[in-house]
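Assemble chains B and C onto chain A, guided by the hints.
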Amino acid sequence: MRPAPSLFNIVSVACGLAFLYLPIAVLVVYSFNASRLVTVWGGWSLRWYGELIGDQALIAAARTSLLIALASASAATLLGTLAALAITRFGADRGRTALSAMVLAPLVMPEVITGLSLLLLFVAINLDRGFLTVTIAHTTVTMCFVAVVVKARLADLDRSLEEAAMDLGCPPARTFLTVTLPLIAPALAAGFLLAFTLSLDDLVIASFTTGPGATTLPIRIYSDVRLGVKPEINAICTIMIATVALALIVASLALRRASSATTSRRPGAA
Amino acid sequence: MRRGFAPWADAGARALLRLQGVSKRYGDIVAVDALDLDIFEGEFFALLGPSGCGKTTLLRLLAGFETPAQGSILLAGEDIAAVPPYRRPVNMMFQTYALFPHLSVAGNIAFGLRQERLGRAAIEARVAEMLALVQLEGLGARKPHQLSGGQRQRVALARALAKRPRVLLLDEPLAALDKKLRAQTQFELVNLQARLGTTFVIVTHDQEEAMTMAHRIGVMDRGRLMQVAEPSELYEQPNSRWVAGFIGEVNLIEGRVAALEPGIAVVAALGGHFRVGATAGVGPGDSVCIAVRPEKVRVANAPAAAPTDNCLAGSVVDIGYLGGMSSYQVRVADGFLVRAAIANATRRTTPPIGWDTQVCLTFAPQDAVLLTR
Amino acid sequence: MMARWRGGQGNWWAAFVRLAPTLWLAAFFLLPFLIIVKISLSQTAIAQPPYTPTFDLAAGLAGLRAFLAALSLESYRILGSDFLYLASYLKSLQVAAVSSVILLIIGYPIAYGMARLHPRWQPIALVLVILPFWTSFLIRIYAWINILQREGLFNTALAALGLVDTPVAWLSSDTAVYIGIVYSYLPFMVLPLYATLEKTDATLLEAAADLGCPRWRAFWLVTVPLSAPGVAAGVLLCFIPIFGEFVIPDLLGDSRSVMIGQTLWTEFFANKDWPAASAVAVVLVGILLLPIVLHQRAQARADKD
Chain A
1 MRPAPSLFNI VSVACGLAFL YLPIAVLVVY SFNASRLVTV WGGWSLRWYG ELIGDQALIA
61 AARTSLLIAL ASASAATLLG TLAALAITRF GADRGRTALS AMVLAPLVMP EVITGLSLLL
121 LFVAINLDRG FLTVTIAHTT VTMCFVAVVV KARLADLDRS LEEAAMDLGC PPARTFLTVT
181 LPLIAPALAA GFLLAFTLSL DDLVIASFTT GPGATTLPIR IYSDVRLGVK PEINAICTIM
241 IATVALALIV ASLALRRASS ATTSRRPGAA
Chain B
1 MRRGFAPWAD AGARALLRLQ GVSKRYGDIV AVDALDLDIF EGEFFALLGP SGCGKTTLLR
61 LLAGFETPAQ GSILLAGEDI AAVPPYRRPV NMMFQTYALF PHLSVAGNIA FGLRQERLGR
121 AAIEARVAEM LALVQLEGLG ARKPHQLSGG QRQRVALARA LAKRPRVLLL DEPLAALDKK
181 LRAQTQFELV NLQARLGTTF VIVTHDQEEA MTMAHRIGVM DRGRLMQVAE PSELYEQPNS
241 RWVAGFIGEV NLIEGRVAAL EPGIAVVAAL GGHFRVGATA GVGPGDSVCI AVRPEKVRVA
301 NAPAAAPTDN CLAGSVVDIG YLGGMSSYQV RVADGFLVRA AIANATRRTT PPIGWDTQVC
361 LTFAPQDAVL LTR
Chain C
1 MMARWRGGQG NWWAAFVRLA PTLWLAAFFL LPFLIIVKIS LSQTAIAQPP YTPTFDLAAG
61 LAGLRAFLAA LSLESYRILG SDFLYLASYL KSLQVAAVSS VILLIIGYPI AYGMARLHPR
121 WQPIALVLVI LPFWTSFLIR IYAWINILQR EGLFNTALAA LGLVDTPVAW LSSDTAVYIG
181 IVYSYLPFMV LPLYATLEKT DATLLEAAAD LGCPRWRAFW LVTVPLSAPG VAAGVLLCFI
241 PIFGEFVIPD LLGDSRSVMI GQTLWTEFFA NKDWPAASAV AVVLVGILLL PIVLHQRAQA
301 RADKD
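Chains as they are written, first to last, in the working numbering: chain A, 1 to 270; chain B, 1 to 373; chain C, 1 to 305.
Next comes chain A alone, as it looks inside the complex (with noise of 0.2 Å):
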């Protein structure tokens, strides 16, 4: 049996995740403030909401943001599970493990060098900055973070389900496709999810790659905040917030249905 946690142990863990929520709190409580001195409450508004809708060049970073992070996850996601697979399922040679080392790089990369070396290479083939090098960009870096989330699954998942199909007749492509995908779809849709997250958040690299008319949001944030605190910027922030925490409440939800349809990940091992 373990012991019981002490209250040292209980109030470590109340500590710290008041340490990582307090911050976010005030400022979605502050988002809501009449008052257009941060500091001061001026009680409850939605003035700074409604001011957001009035401004144009924040709504189209917003959509650009969007959509680079739509376009970028979704080729993260095809490459990284094929990154994955590569990985896990075809022969331990020199290419493997080429692929395994340039899969983990990009992931302890300091963004600076990313975003400047990506940056160069646009620069050195005449490629125009703007959508397409942000959403390469991001496309690059956060494929390496889909691979290890579907490498987890991948390599968790009985190899002998793969061989069962390739016996009773199945060809590698239309295996993946009828048993191996269904099976790791929800590291799939994590790994989307995460991917998005990523360069929807995304700066720095950002920042390197864009050019003019693809400000994202990120870069629009970073110079308003640079001036200072503004409480649209609270409103801004409380909806992107929002907008994660429903994204990751619909992914939950849709993951437990999936996982309750095929609960058992190794069939036989009862």
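Hint data in this document are derived by calculation from the structure and do not stem from the laboratory.
Be a bit skeptical, because a hint or two may be false.
Said to hold, decoys possible - List of simulated lysine to any residue pairs, SDA-like, C-alpha gap at most 20 Å:
#1 B:Lys143 / A:Thr180
#2 C:Lys199 / A:Ile10
#3 B:Lys143 / A:Leu181
#4 C:Lys199 / C:Ala302
#5 C:Lys272 / A:Asp128
#6 C:Lys272 / A:Val123
#7 B:Lys143 / A:Arg257
#8 C:Lys199 / A:Ala4
#9 B:Lys143 / A:Leu183
#10 C:Lys91 / C:Val37
#11 B:Lys180 / B:Gly150
#12 B:Lys296 / B:Leu322
#13 B:Lys143 / A:Pro186
#14 A:Lys230 / C:Trp170
#15 C:Lys272 / A:Arg129
#16 A:Lys230 / C:Phe154
#17 C:Lys199 / A:Asn9
#18 C:Lys91 / C:Gly80
#19 C:Lys38 / C:Val282
#20 A:Lys230 / C:Phe137
#21 C:Lys199 / A:Asp156
#22 A:Lys230 / C:Leu251
#23 C:Lys199 / A:Ala152
Below, chains B and C without anything else, positioned relative to chain A:
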């Protein structure tokens, strides 16, 4: 044991599955080493061996999940060594069953048939037939996780049989079942195989399982086939010390051939002489091993009745009561321990021969085997 | 193994699965990095792009030779001679090291507490720790600007408690940078620590108690040594990105003492000195490789034991 089926004894019979010089290596490890084997149409063949002996690798070579480094695998005369698994008329039942968790029982059984692009009606008919075969009628719509272990095992069997494979490969098919269910399932598998006439190749580490089910058993060790024989031959006529020791219990007495008589070799061992049925090619002076099973050794207070029987004097050092029989450990010359098993044919609470008793161990010449390897 | 099957559909599928991600990463990760190395060996120029030499494919072999001859170590020389760069690297080292230690001190009790919770509560605590990671880091930093500004909640609270008379300038200081970093990276420290602590076999502690070891000493003699891999992973996971951090020191820190990520940013965006920025990046990667290699060595050694 099955009677009347012995194509391997017929020199004119052609094997359905013929392995010639098949080798498989993983780095420095030789999993299967230049192996030759014939398996015949309609045969129930068991690959038996300790874990890591290469039996599962051999099965995976037959299924097509591994490609041999050398050698050929002929199925009905055609080399399939390079044919991918999804093109082989061979199906496998996996140790973990590998039932697709996202498909129903019927979907699992139909999976292989769908790959052949059979018509809907044909698939449904075959699935119903298979469900009936394994007595799972009415469970077609269930998901695998809603089944018991024994039911899952039968779905896996039905799925593998649905495509009417030339050879069915079974990888430890009963390992996940509890002991009681295993005995019943062994019996069902044998009946099913006899009824369908499909060639079965089973991999197991359980020798009783292999003995009860198979026509022939191939005993493997370190990538090599040590002996391929019918169960009774394997037990009564092991061809080496290793096989004798692996299958059942045995006393191995090392010695040297002192003289040859017609059909009998006289072996000098343990400071005495033993008369043992001679094996071909044994000559005086050869170092040999006498293998005698414990149940063939009699324990008596007096010397042997028949003068031709071998006799060993010793004292009882241990008696193990096993219910149906009692196992005796007797210390003989040179401190050598000989095991003897005595059937408890009558009810008794004290052993007929007690501890530290001086006894005579006897066995007839034809009850021992002379081993040279 | 699949790739070895002759004929059939295995071949094109295997080739596609392996080549697509490999080519993508080669084109958009490996190649850009080689370009950085190359530009770090170039010289600044008032041109578009702002460096020489540029490599002209049409010039062929002679062009290549001229190109190679024009490469120089000038940028690296400047990097070594100008104290600004060394100071930024040292500042990054200081911030990354100090933050990692603070994170470990704060994160360990949290992870340990989580691992000791009832199994029913552990997944919930885990989700709660991961959740903030899903909100934008920019938002999280901004939240702290809200709190730490001169008229912010923190100063108000301190004044209310009578701890300070006049508001303290928390922003634009190292303290603010440390708060922002610890806040942003806490999940990265807690998760690997929790992963190893959660696996610790409770019977080991019972064995220690059985052998006469009091609970607190069993913690130091059993739990802590067994969690070493988690500590290493957590520190590595925090140290490396903090070293190259740009946004947090830029928004919360003192602009007179900058970290290397900010220097790179300035060289590139403000000074338009692409070769210098590239040289800064190459040296930065070199520095960050060291802890990674050390960690992998230690891990390989641990695997062997």
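For each hint, the structure was consulted:
no.: 1; hint: B:Lys143 / A:Thr180; verdict: holds, 17 Å
no.: 2; hint: C:Lys199 / A:Ile10; verdict: holds, 19 Å
no.: 3; hint: B:Lys143 / A:Leu181; verdict: holds, 18 Å
no.: 4; hint: C:Lys199 / C:Ala302; verdict: holds, 17 Å
no.: 5; hint: C:Lys272 / A:Asp128; verdict: holds, 18 Å
no.: 6; hint: C:Lys272 / A:Val123; verdict: holds, 14 Å
no.: 7; hint: B:Lys143 / A:Arg257; verdict: holds, 15 Å
no.: 8; hint: C:Lys199 / A:Ala4; verdict: holds, 16 Å
no.: 9; hint: B:Lys143 / A:Leu183; verdict: holds, 14 Å
no.: 10; hint: C:Lys91 / C:Val37; verdict: violated, 24 Å
no.: 11; hint: B:Lys180 / B:Gly150; verdict: holds, 11 Å
no.: 12; hint: B:Lys296 / B:Leu322; verdict: holds, 17 Å
no.: 13; hint: B:Lys143 / A:Pro186; verdict: holds, 19 Å
no.: 14; hint: A:Lys230 / C:Trp170; verdict: holds, 18 Å
no.: 15; hint: C:Lys272 / A:Arg129; verdict: holds, 17 Å
no.: 16; hint: A:Lys230 / C:Phe154; verdict: holds, 18 Å
no.: 17; hint: C:Lys199 / A:Asn9; verdict: holds, 17 Å
no.: 18; hint: C:Lys91 / C:Gly80; verdict: holds, 16 Å
no.: 19; hint: C:Lys38 / C:Val282; verdict: holds, 10 Å
no.: 20; hint: A:Lys230 / C:Phe137; verdict: holds, 18 Å
no.: 21; hint: C:Lys199 / A:Asp156; verdict: holds, 18 Å
no.: 22; hint: A:Lys230 / C:Leu251; verdict: holds, 14 Å
no.: 23; hint: C:Lys199 / A:Ala152; verdict: holds, 18 Å
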